[in-house]
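Asks: Kindly generate the complete structure, drawing on both the sequences and the hints.
In the order they appear, the protein sequences are chains A and B. So the first sequence is numbered by this note's numbering: it starts at 50 and just counts up by one. So the second sequence is numbered by this note's numbering: it starts at 3 and just counts up by one.
The hints are simulated quantities; they were obtained by calculation from the structure and are not laboratory data. Just so it is clear, CB atoms sit at the ideal spot from N, CA and C, and this is done for glycine as well. Treat the hints with care, as some may be off.
Quick look at which bits of chain B chain A covers, simulated, 3 or more residues with Cβ under 8 Å [claimed, not checked]:
(1) 53-59
(2) 89-103
(3) 157-169
(4) 183-189
(5) 218-226
(6) 294-300
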Amino acid sequence: MKMIVAIKQVPGRDAPVHIDAVGKWIVESGLEYALNEPDAYALEEALQIKEKHGGEVVVLSAGPERVGTTIREALAKGADRAIHILCDDLGSRDALGVARLLAAAAKQENPDLILTGLQSEDLGLGQTGVIVAELLGFPHATMILRIEKTETGVEVKRELEEGWFQTVQLPTPAVLTMQSGGTKLRYATLMGIKRAKTKEVKRLAAADLAVDAVPVVVLEQTSMPKKKKSTQMLTGTPKEAAAALVEKLRFEVRVL
Amino acid sequence: MSRILVVIEQRSGKIARISWEALAAAQRLGSPDSITAVVLGAQEEAVSAEIAAKALGTVLRVEHPLLARYTADGFILALQQLIQNEGPALVVLPHTYQVRDYAPALAARFGEVLIGDVVSIGEGPVFTRQLMQGRLTGTYRHTGTGPCFVSVQSGAFPADLPPAALATIATFRPTLDPAQIRARPGEPYRASSQAVDLATAQVIVGVGRGIKAAENLPPIQELAAVLGAELAASRPVCDNGWLPMDRQVGSSGQTVAPKLYIAVGISGAIQHVVGMQTSRCIVAINKDSDAPIFEVADYGIVGDQLDLIPALTEAIKAVKR
Ligand SMILES: Cc1cc2nc3c(=O)[nH]c(=O)nc-3n(C[C@H](O)[C@H](O)[C@H](O)COP(=O)(O)OP(=O)(O)OC[C@H]3O[C@@H](n4cnc5c(N)ncnc54)[C@H](O)[C@@H]3O)c2cc1C
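Replies: Given below as structure tokens:
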């Protein structure tokens, strides 16, 4: 099976969130970046399928130069090669604009499967994979925990709400968006990191893919969230804060 | 002319609260007579009658044998034909897992982009949604020329919909061919080991990724023991196998409403919060003072749980003595 795994570089979970000067995104300078976690599960699933059935795993990512470090990380974990769509204006494209870039690059590869995370940890749109499927005319399924290869395609375990699941069969080529937790993630080995340095990273300029970049939905403004409740903050040393909380639990909440 | 379409999701004739919330959101965007509610299925007479009793113009039964069971292909084709027919300015959907599965592709078919998981609607209209797992809020505007597709987050638009004069009910029959449905979905099933029922627990201690490792669980288990509490977990804790799946709270797991929920090292992502936000009292312990969990907490302590949990256990033991 030839598999493409679309991955995104996102601000690390512990990265500080400060709104930038124009109020449209967060201050990026000095931010640490990481591989979007659901994408890590997509990569892991692809690597396991390859180990079982053979094939090739190609990672695909759009973004500026810095995305290269995340691509190397995926190669170090075992992806065979990579495609980097160099794009400095990712933030001004909407989900359709980004999906157009990914679909155009993926199409040239004729994959059997395209995997990606079910959503990104920064924008959280949860749409990219589904739109890529639509643009390529492939069937898709979302929130997938496990993939089995069948005679004619794949059989997947799909998560539903409130602890329910469903099995879905799809012909290939198909797009699947992966949910976290279906399997354990691997770490890159020292050998893997060494090998990654020599693996092919094809660089495509976003402009060369000749896709429409005009957004139909724009993020006009970002702001810090508003509180729903007035939270009483309990301060002091751990001992003092704990004592204050116990006081509240006894006399206001009355659970002690 | 219908200006606003609202897609109502039903499963075996039952309408979930979030669909009514989508209707409530639509009512903020236009007058009742400009709203058409849409229900898809094979035979939706009873559900349609239930919807028609709310303040809206029309209920459209979108019916075809191939819509009896959800498939992305079937729903996208049916709604595509309906939208072409109706030419709405807005399409409002509940942000369910099913909608996440098809609405992005449906919008793309019109060259549009779904504004998903919306928590509020402002003058314009502009739509706000969470970014960075709830650590930031973003305001979006639709600038395309086609219909504006919006899905609303669970709980964001309270659905107290008073009964109104009966709306018109009509049927729309899309043209679908079995060959167009590429996926073969199976019956939904539950994990077999659903052993823990957290719904009846009075006190719950919820643990998140902030505990860092399974080795850090014992002090939290001790706290739960002195409180007579059940342990619950956020998704990453279950993903990593630190606690079993059946203790997961949130949209994919259980919904709980205890008297007291203590969230330890949980950031407060919406998928977790929807599962515990109706708890009577929420206490958050987190080292990040900006963590979104503090937005829903009654009491908060900023600090390292490694120090706070033993201190709390001691303090409780002291008053129980
Ligand atoms: C479709 C879908 C369904 C989902 N379903 C669910 C669901 O049912 N349930 C669920 O929980 N999630 C669900 N998620 C995942 C959800 O989006 C979040 O990723 C998840 O809830 C985050 O878990 P967390 O808060 O434990 O981890 P994180 O977001 O990583 O937060 C860890 C927190 O711990 C704090 N912390 C770190 N160290 C310490 C310390 N020493 N002391 C105190 N605090 C510390 C940090 O400041 C941070 O706030 C779902 C996601 C999707 C896309």
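Asks: Take the hints in turn and mark each one as holding or not.
Replies: How the hints compare with the structure:
For the stretch 53-59 of chain B, the assignment as covered by chain A is violated, since 0 residues bring a beta-carbon within under 8 Å of that chain's beta-carbons and 3 are needed. Check on the stretch 89-103 of chain B: 4 of its residues sit with their Cβ under 8 Å from a Cβ of chain A, so the three-residue criterion for coverage holds. Check on the stretch 157-169 of chain B: 0 of its residues sit with their Cβ under 8 Å from a Cβ of chain A, so the three-residue criterion for coverage is violated. With 6 residues having a beta carbon nearer than 8 Å to a beta carbon of chain A, the stretch 183-189 of chain B meets the requirement of three or more and the stated coverage holds.
Only residues whose beta carbon comes within less than 8 Å of a beta carbon in chain A count, and the stretch 218-226 of chain B has 0; fewer than three means the coverage is violated. Check on the stretch 294-300 of chain B: 6 of its residues sit with their Cβ under 8 Å from a Cβ of chain A, so the three-residue criterion for coverage holds.
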